[in-house]
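As given, the protein sequences belong to chains B and Z, one line each in that order.
No gaps in the numbering here: position 127 of the first sequence is 270 in my numbering, and each next residue is one more.
No gaps in the numbering here: position 295 of the second sequence is 1058 in my numbering, and each next residue is one more.
Hints may contain errors.
Unchecked claim - Among chain Z residues calculated to face chain B with C-beta under 7 Å, some are:
1. A774
2. K1075
3. A1097
4. Y1152
Claimed, not checked - Far from chain B, some chain Z residues (derived; all Cβ distances over 10 Å):
5. D771
6. F794
7. A800
8. V869
9. R892
10. R919
11. I1009
12. L1027
13. Y1044
14. Q1143
Hints in this document: simulated from the structure, not taken from any laboratory.
These numbers come from a predicted model, not from an experiment.
Yeah, the Cβ is synthetic: ideal placement off N, Cα and C, and Gly gets one too.
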Amino acid sequence: MKVALLQGGRSLERGVSLRSGQRVTEALLDLGHQVDVMDLGPDLVGRLDSSRPDVAFIALHGTEGEDGTVQALLELLDIPYTGPGVAACKRCMDKSLAKYTLRENDIPTPDWVTYSEAAIRDFGAASTFAAAVEQVGLPLVAKPASQGSSLGVKVVTDLEQVPGALITALSYDDRALLESWVSGRELAVSVLGGETLPVVEAIPTESNAYDFEARYEIGAASFECPASLGEAETAEVERVALGAYEALGCSGFARVDVMLAEDGPQVLEVNAIPGLTETSLLPQAAEAAGLDFEAMVQKILDLSLDR
Amino acid sequence: MRSSAMRDMMAITARPEVISLAGGLPDTSTFPPEAFAAEMHRIEKTAVAEVLQYGPTEGSNLVREQIVEVMAAEDTRVDAMDITVTTGGQQAIDLITKVLIDPGDVIICDAPTYPGAIPTFCSYEADVRQIEMDSDGMRIDLLEETLETLEREGKRPKFIYSIPTFQNPGGVTLSLERRRRLVEIAREKEILVVEDNPYGLLRFEGEPLPTLYSLDGGNYVVYLGTFSKILSAGLRIGWLVTPTPIREKVVLGKQAADLCTSTLTQDFAGHFFQSGRWREYVAELVEIYRTRRDTMVNAMAEYFPHGATWNKPTGGLFIWATMPDVLSSQDLLAKALSRNVAFVPGPNAYVDGGGTSSMRLNFSGVKEDEIIEGIRRIGQVAREQLKLYETMTSTDEMRLPPSTPPEEDAS
Ligand SMILES: Nc1ncnc2c1ncn2[C@@H]1O[C@H](COP(=O)(O)OP(=O)(O)O)[C@@H](O)[C@H]1O
Ligand SMILES: Cc1ncc(COP(=O)(O)O)c(C=O)c1O
Ligand SMILES: [Mg+2]
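Please model the complete structure; the sequences and the hints are all you need to start from.
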């Protein structure tokens, strides 16, 4: 098959994307496909149009690649692509919109409020911080509405820290969430073609927050797959994760980030295009399900074609 | 946020639309193509077999002789025999650390220090202690305090790593008095000083200061040099000047690392320096960089927010700027990247996450109009963040009931 592999882009996760892209390219070549590697740039549409690939493999993360922009373009060009469709990408990329959708579908997600930079700057929204903190409770997590890789995420333990944490979060997006902190185990449930793969648990090695470093650096956090969960627990986590995947309208694949608290799982977010690097969680989960990297990549391609 | 997050964010700076003030690149665009062609022609005629061959681990004699000349331009006399040619100054840092440091050994260095040295020191598991600088470079009073503290802990630093001239990233230069004192301390306490001097010849104004090596005579000072900033960073030629016992270990280390530095690039550089044309070339670079420094400083005065501070370096490639302390340079970088401009955030130059409001700005590798535009955008995001922060933190009053009843509107 002739595959256009899209990687790089302009998001802050460009570096991760380049690594995802490289790993996937190797797999595609090993599978005997013809691969045309493309970065996002002024020549993108021209190149896609002239090479007319059978399918586009999207190994992009963050804005433009994961938010529906590229997906919409591929629909216009009538080129099938991997991963969720335009609307699902949009819903996943916007953590606030995603959480409203989850709530509407009775999927548990922590309490939150959303602030836009404009509301704070122009409409005096800062005078509601105290009320917001009361509503979500402390500690809370401040994070940009659309960003990945834990960039711009800060834990707040005191009202006084809200402005600083929001400045950080708003450096990555023009909207930010204050979300209630969930203490518990950090789980990632990858879904491939509508079925859950074995649950991965991320066990932080040093600090309390599981940050970007741990996510992409081998050995900085330890991962357990399958996570050691009871049967009932596993079933509940999978039910909630699959519910989130469906509520947001995902297809192909996605990864659902879940905190498992005392009183059950809470969905933090759904990643429309999870990392596909050597150490990423979706490939780990697939491996645990008996699919090696190549087989996983082939399956992703197949899923994109029978949509 | 730690190193890999930074690295990944910095991946965007490779895109053509990004104005990167983050690099440490010399401007190689003015190197005369004829001079390049002439060297290549000479090689073609006389040295093909030789440059395609391995060379001695310590470096070619020609290059070592030329290094003696280059160092003499800074009034520093060395013996060619004490020189080991390395694959860039970066390898010199790596080799000296490899040779001298066992896990847990203490290295003292400037704060902030060369961001590229930190991963090297960390990879050998050194215990890095940084000494704050002021406008005269490393504060020797603080160095002495640290040495006392270490002595009480029963530790002796293995070496003091410093960039005394046009420091990267601080842009400052160690004063003559402090140079003397530093060398004295080294002698009294028998501690090695590693003097890293890539920028000494790139002086825009003022009188040159003696290198630490020349003040000490090479007893307690190890000297690191490079052609990267005065000729080409792509040729990858640097060097180390060390006393014999250390040199032998360095050569063994280099043998293990890469056998020898490229024979081809050594031949190219050796002959280029031998021709003497480098003096003129460096003088041209100094002109270009001085203008760019002025452009950057002027743009900062125009666009940076009130409360930001920076220095005006008298040489080198970098300006170190510090924003009002409510701003984090990492946050600022994220926002700046969305406007297609990059810089090095301060914490990259510290082992312990210091420098949170500071940034390193490079002026050598960027054309004037881009310097102005880059600084304008950084100033703009900084102002936006400050304004937002002020809006958020001044709202207490908004929530408090007015202390006196509002006055009746007279109209
Ligand atoms: N509400 C929360 N409670 C506890 N930890 C959280 C919460 N929100 C985020 N985190 C931590 O921050 C990380 C990143 O947050 P997440 O919402 O998944 O954003 P990203 O898109 O950056 O992955 C999570 O993996 C988790 O470790
Ligand atoms: C202080 C310092 N040392 C060493 C180097 C390494 O340079 P190179 O390896 O190109 O010689 C640099 C480069 O920026 C530097 O600033
Ligand atoms: Mg996540």
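The hints, checked one at a time:
1. A774: holds (3 Å)
2. K1075: Where the cut-off is 7 Å and the nearest Cβ of chain B is about 28 Å from K1075(Z), the hint is violated.
3. A1097: Holds, about 4 Å.
4. Y1152: holds (6 Å)
5. D771: violated (3 Å)
6. F794: About 29 Å separates F794(Z) from the closest Cβ of chain B, which puts it past 10 Å; holds.
7. A800: Answer for A800(Z): holds, closest chain B Cβ roughly 33 Å.
8. V869: Label holds. Min Cβ-Cβ 23 Å, cutoff 10 Å.
9. R892: Non-interface label on R892(Z) holds, nearest chain B Cβ at 22 Å vs cutoff 10 Å.
10. R919: At roughly 29 Å from the nearest Cβ of chain B, R919(Z) sits farther out than 10 Å, so the non-interface label holds.
11. I1009: Given a closest Cβ separation of 34 Å, the condition holds.
12. L1027: holds (30 Å)
13. Y1044: Since the minimum Cβ distance to chain B is about 35 Å, Y1044(Z) lies beyond 10 Å and the statement holds.
14. Q1143: Holds, since 13 Å exceeds 10 Å.
Checked against the numbered hints given earlier, the structure breaks hints 2, 5 and satisfies all the rest.
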